[in-house]
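S.K.: Chain by chain, the residues run as shown.
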Amino acid sequence: MTERLGLLILSALAWVGEVALFGIRAIYEAFLPPYEWKEVARHVFEIGWRSVPLIALSGFAIGVVLSMHTRASLERFGAEAMIPAGLAIALIRETGPLVAGLLISGRVGAGIGAELGAMKVTEQIDALEAVAVDSFKFLAVTRILACIIAMPLLTTIMDFCGIFGGFVAEASISGMSPQLYFNRAFSVIEFTDFIPATLKTAVFGLIIGTVASYLGFNTTQGTEGVGRASTSSVVLASICIILSNVVLVKFIFFMFPAKA
Amino acid sequence: MNQNDTSPAVKLEGVTKAFKDRKVLDNITLEVAQGTGFCLLGRSGTGKSVTLKHIIGLLRPDSGHVYVHGKDVSALNGRELAEIRRSMGFLFQNSALFDSITVGENVAFPMRRHTDWPDSKIREVARAKLADVDLEKDYDKMPGDLSGGMKKRAGLARAMALDPDILLVDEPSAGLDPITSAEIDALLVNLKKKGTTLVVVTHNIPSARHVGDELAMLHEGRIIAQGTAEELDRSDDEMVRAFMRSEGSG
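Protein chains in written order, with the working numbering: chain A, 1 to 260; chain B, 1 to 250.
Keep in mind the hints are simulated off the structure, nothing from the lab. Built from N, CA and C at the ideal position, the CB exists for glycine as well. Hints may contain errors.
[As the list claims (entries may be wrong)] Which residues of chain A face chain B? A partial, calculated answer using Cβ under 7 Å:
#1 Leu5
#2 Leu8
#3 Glu36
#4 Glu123
#5 Asp126
#6 Ala127
#7 Ala130
#8 Ala132
#9 Ser135
[Said to hold, decoys possible] Straight line, CA to CA, 30 Å or less: simulated DSSO-like cross-link-like pairs of lysine-lysine:
#10 B:Lys11 x B:Lys53
#11 A:Lys38 x B:Lys121
#12 B:Lys192 x B:Lys53
#13 B:Lys192 x B:Lys137
#14 B:Lys141 x B:Lys194
#15 B:Lys141 x B:Lys71
#16 B:Lys71 x A:Lys137
#17 B:Lys71 x B:Lys20
#18 B:Lys193 x B:Lys137
#19 B:Lys71 x B:Lys192
#20 B:Lys193 x B:Lys121
#21 A:Lys38 x B:Lys141
#22 B:Lys193 x A:Lys137
#23 B:Lys11 x B:Lys71
#24 B:Lys23 x B:Lys53
#25 B:Lys194 x A:Lys137
#26 B:Lys71 x B:Lys23
#27 B:Lys137 x A:Lys38
#28 B:Lys192 x B:Lys121
#29 B:Lys53 x A:Lys137
#30 B:Lys20 x A:Lys137
#31 B:Lys194 x B:Lys20
#32 B:Lys71 x B:Lys137
#33 B:Lys53 x B:Lys20
Using the sequences and the hints, build the whole thing.
M.R.: Pasting the structure below:
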């Protein structure tokens, strides 16, 4: 039993090591020519722009729900005036980045895993190499960079849609004016709240792109393998995001102690 | 490529390759003269496709060397390997067309990557390549809309996009009807006449007789016979003679 558990932990660590090396290689190769800016831009559009409806709608709904919950709690203490500020802090510091990461891991991670997996099993990756194109750079590096670029932008959209959703909920209950709501919301937000929390999602983007590309590149066993690569991309990227978030939050508190 | 150069276009020297415990190629040595057609025969799973992938550097031998135009492919990395790959075309068994772009863009892809031609010229050349394989009207179709034979011809057009000196062809007649198969063979012979070196993997004997100047038969990772079709017909090995008598289609 102990031996099996040990083997399981060892194989998990070996997997993490392989994925980490894959990601490090991607970052290293991103700085070497030839640069694939056109492909990166195309993927930022595919990954970023096409995710905006999902992110905006989810952000809005989360804002509404958070506002209702916050009101229910703060009402007991007669602190309804704190609702906009509390909601903005919760969204910008943690809820927005984490939920955006998990949503993009589902939408984009699955897509990258399935697309690259299908290309692997149909020899399209070999075909790229055969026409003298570096498949790793063309397929993996571009997608990973696009995820890194898109995540902070999408998180910002989610934050603002969430705050707007909170306003809609609050206005419909208490009739608070938009000017008062947004004044109260942004009066407590500083750049040190927004910048580190939003930039940490670049790490989430790195994780999503790396895990999904790695699994896509290592797909075997035909269409069944493609399905597995797609599902595993979502599951493993989500786990990695949640775990890395702990370390990143600790790091942010270390760098900005006033925010702890 | 220097036309007066008499060195082999492709040379394998003691190439051995194993996947896990299974030895797929066992000390393979062969040479392909420039401008000739070389057919690699053998039953399924004998290492024919693996041999092709070694030539273009998609696989590296556990031991031995693979030379293309005198350069050791197995020792090349990055830019040098890309350079040597630009002198080769590869037609995959399942065509391996990029399914997210049109047929025309598949053919244009190598030109977009490796030339600084304007878009209009790239499109023009891609159309011409598609016309060579009778697919000019299918430029804007997606690969998923093509039949197996059309995909194969589109794959051939893409493989020929940069006018390579060497064309590697994996099972050109696999899954095709005899007429389409004969059309592909005719295209290959035509390319050979224009000076392209062909390395063709097949177990279709009529096709091999048509395309190949020299044939070699792989069995359990080893070359058990090599020579012209007539020489293999007269082989001492009964299995080789039986294989050559077969009408195996794809």
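S.K.: Against which earlier hints does the structure fall short, listed by number upward?
M.R.: Structure breaks hints 1, 2, 3, 9, 15, 22, 25, 31 and 32.
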